[in-house]
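Number of protein chains: 2
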Amino acid sequence: MNNFCFLSPTKLIVGKDTELQTGKAIKQAGGSRVLVHHSGGHVKKSGLLDRVLNSLKEEGLEYFELDGVVPNPRLSLVYKGIELCRKEKVDFILAIGGGSVIDSSKAIAMGLPYEGDVWEFFIEDNGVVHDVPTKSTPIGVVLTIAATGSEASNSCVITNEEEKLKRFCDNDINRPVFAIENPELTMSLPPFQTACSIVDIMSHSFERYFTPEKGGNELSDRLCEAIFLTCMSCAEALLENPRDYDARANIMVASTLSHNGLTGIGRSGDWSSHFIEHELSGEYDVTHGAGLAVITPAWMKYVWRDNPEIFMKWATRVMGICPEGKSQEQVVLEAVAALEVFFNKLGLPTKMSEMPEIKGEVTEEAMLRMAKRVRITNNDGTVGGLKKLNTEDIVNIFKLAK
Amino acid sequence: MNNFCFLSPTKLIVGKDTELQTGKAIKQAGGSRVLVHHSGGHVKKSGLLDRVLNSLKEEGLEYFELDGVVPNPRLSLVYKGIELCRKEKVDFILAIGGGSVIDSSKAIAMGLPYEGDVWEFFIEDNGVVHDVPTKSTPIGVVLTIAATGSEASNSCVITNEEEKLKRFCDNDINRPVFAIENPELTMSLPPFQTACSIVDIMSHSFERYFTPEKGGNELSDRLCEAIFLTCMSCAEALLENPRDYDARANIMVASTLSHNGLTGIGRSGDWSSHFIEHELSGEYDVTHGAGLAVITPAWMKYVWRDNPEIFMKWATRVMGICPEGKSQEQVVLEAVAALEVFFNKLGLPTKMSEMPEIKGEVTEEAMLRMAKRVRITNNDGTVGGLKKLNTEDIVNIFKLAK
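Heads up: the protein sequence lines correspond to chains A and B, in order.
Under my numbering, think of the first position of the first sequence as 222, with each following residue one higher.
Under my numbering, think of the first position of the second sequence as 222, with each following residue one higher.
Just so you know, the hints here were simulated from the structure itself, not pulled from any lab data.
These figures come from a predicted structure and were not determined experimentally.
Where hints are given, some of them may not hold.
For chains that are exact copies, the list does not tell them apart, and a pair is met inside one copy or across any two.
[As the list claims (entries may be wrong)] With a straight-line cut-off of 16 angstroms between C-alpha atoms, the simulated EDC-like cross-links for lysine to aspartate or glutamate are:
hint : residue 1 : residue 2
1    : Lys232    : Asp393
2    : Lys608    : Asp506
3    : Lys245    : Glu341
4    : Lys547    : Glu530
5    : Lys435    : Asp467
6    : Lys534    : Glu555
7    : Lys301    : Glu286
8    : Lys534    : Glu545
9    : Lys356    : Asp506
Using the sequences plus the hints, can you model the full thing?
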């Protein structure tokens, strides 16, 4: 087990009607002038926004609305939010929505006390970011889609729409003060959205499970497996009944625990599937979870030989593959095939050619262009932990995902 | 899944040499005048105390030592600590040790800003405690024994030695600011101590797993099972090699996660095995973990029919019992027998008659005396969740544990 530091101070307030506690939770956290950031649309129509705003009024809090978030949250909206917060002297930011609203709230929260351009926190030259945030504004979350885990994570992903760049800024100051999670709010999510969410949740622990470490992490192995097994069984339950409260609730909390750092304690991470997918969704505006359903199996097929032990563990403990009389390769590839079957069963693509957003063939030129954009995470110019991938490797993974 | 609120703000700093970060962590938490509470003995002789005190000196912190803690921490020492803190105007309490030192530190921390007698927080009449703490003093922990999970929990257990009463006070203000966990510090623990610790860790999730809920908690089921499976496999590894770093590390972190509330999210608790054991160790001064190894299997045999589903899940997923062609009773009793075999293999008793501290037979009179003292947790005068136990039930459990 590697040395580690784990901090997850976000208070989770989970269950039916918990959004009615929002005003109290903000007041407890010391907020008085609140930016209420949301995606409009269903949040308004469903009456959720009114219920939350009423709870703010009941506590005598002042608030200012900012809506219009889209998937893959845009930098331009972040700038608009910072401006509004400065004008209204906001001291607390409430995000009502999923990962996009939360991430743009986090960027606004970091940008508010910062004199420079908030985008400096997101871009790097040769692996060195331009600037590191030291202050932020307290954030609370009312979660409506369980997927990104952003409600308790230290991460923030923003897309610069002009430059077609999707970039992240991970920092503990990004962690929300509280996350209010009412599983009933996720019940009306369309099956495709639900499926994408489940892949994203699983992927956050895949990235922490498929790492270079060979043994020594029994606890985090088991915690990751708890996430995988919960997601898979609850996904099956939701295919039967999309309004299964317990299945929605278990997935919602799994979302939070899969990305607050818990499942990665004592080991390094990989994250190359995420970074490769970021370029796919940056290029074609595909949904992140669907992109992961395409990239992850291809990545697994390409890298498993660099740590067969952990892939064998996953294949047998999670995917239920019987190893008797089979080679490691057979076991692992059977497990990956079973994962693809599971993704397909949820209505997701597992090849780029199956994605409606991608018109025509993805050319080798496009693959190379995306591969070259993938964020470098290692000093030697590669990305990933289990296997360090160079541009050629990434193109090969795209080819496997074609 | 039941509605729940989960907060675990304790920063975990885990790994080799992490005790050298103690001074920095205290300073970061705003401490300047520190009560250093420890058990003396091995903490001194091993050089740990010096290493920690040096890290305090390096940060320019003033400190005052209080030692002499014994297992089942005593109220008298708590009073002494409060007095010392008041005299020296202490603003931070550092516990170096295991559950006893941490719990007496928590009691000192609560008592320091309180005008009345701190014992009022621990005692109740008919289920109503005399007073509830609203303030405490920040605490940090350098953990030397992984067992009670007190390093991140909200709980505090103190024994009033004059009245032979072991009582608890659970409150979120008890949660330490940080817990420093160097697994190497636990390597020299004798096998019996190690074994008792492992049972205590498992028990904290048994109490959260064997609850009245029938389904709906896939995630916390799996999280509990992660704790059980990790403890069992690492315990086996330590029988082979007591200095197995990874096994010690996984057990140490499992200890923290098993009692910070994580494994109990979305469900009620039971806790009757703990409360029954508290009376056993209050009466005979047996080690808590050994007492649990005796009480838990007896409790399981007595109550399993009230929720066979969860016992079947545990028997098949954790204890590896094959259910085919067997009745539920056979499966569950086989699993309980396997648990007893596991405890025995660790060198622990599973009957009161096997405990060296208990001289002669435990008479029915003694059983009744202990049963009558067990803390009531339900309005109807019973204890427990999965099955509500009255005095007669508790005596029956003692009889099964005889």
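Open item on the list: One pair to classify: Lys547 and Glu530, alpha carbons no more than 16 angstroms apart. Within, between, both, or neither?
Closed with: within (14 angstroms within a copy, 34 angstroms between copies)
- [ ] Can you give me the call for Lys534 and Glu545, within, between, both or neither, at a CA distance of at most 16 angstroms?
- [x] Only inside one copy: Lys534 and Glu545 sit 14 angstroms apart there, 25 angstroms across copies, limit 16 angstroms.
Open item on the list: When Cα atoms must be at most 16 angstroms apart, do Lys356 and Asp506 count as within-copy, between-copy, both, or neither?
Closed with: Close neither inside one copy (31 angstroms) nor across copies (51 angstroms); limit 16 angstroms.
- [ ] Classify it for me, Lys232 with Asp393: is the Cα-Cα distance of at most 16 angstroms met within a copy, between copies, both or neither?
- [x] For Lys232 and Asp393, the Cα distance is within 16 angstroms both inside one copy (15 angstroms) and across copies (12 angstroms).
Task: Alpha-carbon proximity between Lys245 and Glu341, which holds within one copy, between copies, both or neither at 16 angstroms - done: neither (34 angstroms within a copy, 29 angstroms between copies)
TODO: Give the relationship of Lys608 and Asp506 under a CA distance limit of 16 angstroms: within one copy only, between copies only, both, or neither.
DONE: Result: close neither inside a copy nor across copies, 27 angstroms intra and 54 angstroms inter.
- [ ] Could you place Lys301 and Glu286 in one of the four classes (within, between, both, neither) given a Cα distance threshold of 16 angstroms?
- [x] within (12 angstroms within a copy, 54 angstroms between copies)
Task: Within, between, both or neither: Lys435, Asp467 at alpha-carbon 16 angstroms - done: Between copies only: 12 angstroms across chains, 35 angstroms inside a chain, cut-off 16 angstroms.
- [ ] Have a look at Lys534 and Glu555 and pick one of within, between, both or neither, based on CA distance no larger than 16 angstroms.
- [x] within (13 angstroms within a copy, 27 angstroms between copies)
Checked against the numbered hints above, the structure breaks hints 2, 3 and 9 and satisfies the rest.
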